[in-house]
Structures are given as C-alpha cells and as structure tokens.
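Asks: Sequence:
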Amino acid sequence: MPGPEPGTFRMLGECLTDWGLPSPLITYISQFIINLKREKERGERRERGERERGEREEREGRERGEREERERRWRGEGEERREREHNIIG
Numbered sequence: 001m002p003g004p005e006p007g008t009f010r011m012l013g014e015c016l017t018d019w020g021l022p023s024p025l026i027t028y029i030s031q032f033i034i035n036l037k038r039e040k041e042r043g044e045r046r047e048r049g050e051r052e053r054g055e056r057e058e059r060e061g062r063e064r065g066e067r068e069e070r071e072r073r074w075r076g077e078g079e080e081r082r083e084r085e086h087n088i089i090g
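Start counting the sequence shown at 1; every next residue gets the next number (my numbering).
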C-alpha cells in the first residue's frame with residue numbers, strides 16, 4: 001500500500017489549524033498517525049517473518065526427511081550386500 005501523498009501531513013496540519021485546534025493537539029494527532037503507520041509496518045514485517053520462518057521450517061523438514069530416506073536406503077543396500085556376500089561365502 002503506497003504511503004500518503006507528499007504534503008499530506010502539512011495539509012492535515014493546515015486543516016486542523018484552520019479548525020482552530022491548538023498546536024500541541026495538532027502535534028499529538030500527527031504523532032498518533034505516524035505511530036499507527038509504524039505499528040502497521042511492524043505488523044506486516046512480523047507476519048512476513050513468521051511466514052518465511054514457516055516456509056523455511058517446512059523446507060528443512062522435507063530436506064531432512066529426504067536425507068533420512070537416502071540414509072535408510074543406503075544402509076539397506078549395505079545390509080543386502082553383506083547378506084549376499086555372506087550367502088556366497090557360507
């Protein structure tokens with residue numbers, strides 16, 4: 001979502017001044033809006049981080065499973081080979 005148009009806060013300040021609000025209240029309102037925007041951005045970053053972490057954990061789990069399967073097959077082939085060698089010798 002794009003940010004506010006350039007000069008938005010200045011225009012807001014001018015409107016609030018035209019309405020006769022005192023300067024400290026205008027500053028408070030502007031700061032409140034800025035803080036809301038920052039909190040929204042933090043939330044979006046947190047969600048993105050959680051999503052990326054979930055994807056990474058899923059990928060690592062899948063890779064670990066594939067690696068374990070390869071190791072099981074490798075061990076199984078080794079046992080079969082030893083069995084064949086034992087049968088040939090015995």
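It should be emphasised that the hints constitute simulated quantities derived from the structure, not laboratory data.
Glycine residues also receive a C-beta, built at the ideal position from the N, C-alpha and C atoms.
Any given hint could turn out to be false.
To be verified - The following label-pair restraints were derived from C-beta to C-beta distances:
| # | residue 1 | residue 2 | range |
| --- | --- | --- | --- |
| 1 | Pro24 | Arg62 | 31 to 41 angstroms |
| 2 | Leu36 | Glu57 | 28 to 38 angstroms |
| 3 | Lys37 | Glu77 | 51 to 61 angstroms |
| 4 | Gly61 | Met11 | 18 to 28 angstroms |
| 5 | Glu47 | Pro24 | 40 to 50 angstroms |
| 6 | Arg38 | Arg59 | 25 to 35 angstroms |
| 7 | Arg56 | Leu36 | 49 to 59 angstroms |
| 8 | Cys15 | Glu60 | 46 to 56 angstroms |
| 9 | Glu60 | Asp18 | 55 to 65 angstroms |
Asks: Run every hint past the structure and note whether it holds.
Replies: Each hint, compared with the structure:
1. Pro24 - Arg62: 31 to 41 angstroms: The hint (31 to 41 angstroms, Cβ to Cβ) is violated, given that Pro24 and Arg62 are roughly 57 angstroms apart.
2. Leu36 - Glu57: 28 to 38 angstroms: The hinted range 28 to 38 angstroms holds for Leu36 and Glu57, with Cβ atoms some 32 angstroms apart.
3. Lys37 - Glu77: 51 to 61 angstroms: Holds - the Cβ-Cβ distance for Lys37 and Glu77, about 60 angstroms, lies within 51 to 61 angstroms.
4. Gly61 - Met11: 18 to 28 angstroms: 51 angstroms, violated
5. Glu47 - Pro24: 40 to 50 angstroms: 35 angstroms, violated
6. Arg38 - Arg59: 25 to 35 angstroms: 31 angstroms, holds
7. Arg56 - Leu36: 49 to 59 angstroms: 30 angstroms, violated
8. Cys15 - Glu60: 46 to 56 angstroms: 53 angstroms, holds
9. Glu60 - Asp18: 55 to 65 angstroms: Since the Cβ atoms of Glu60 and Asp18 sit about 58 angstroms apart, the hinted range of 55 to 65 angstroms holds.
Violated hints, in rising order: 1, 4, 5, 7; the structure is consistent with all others.
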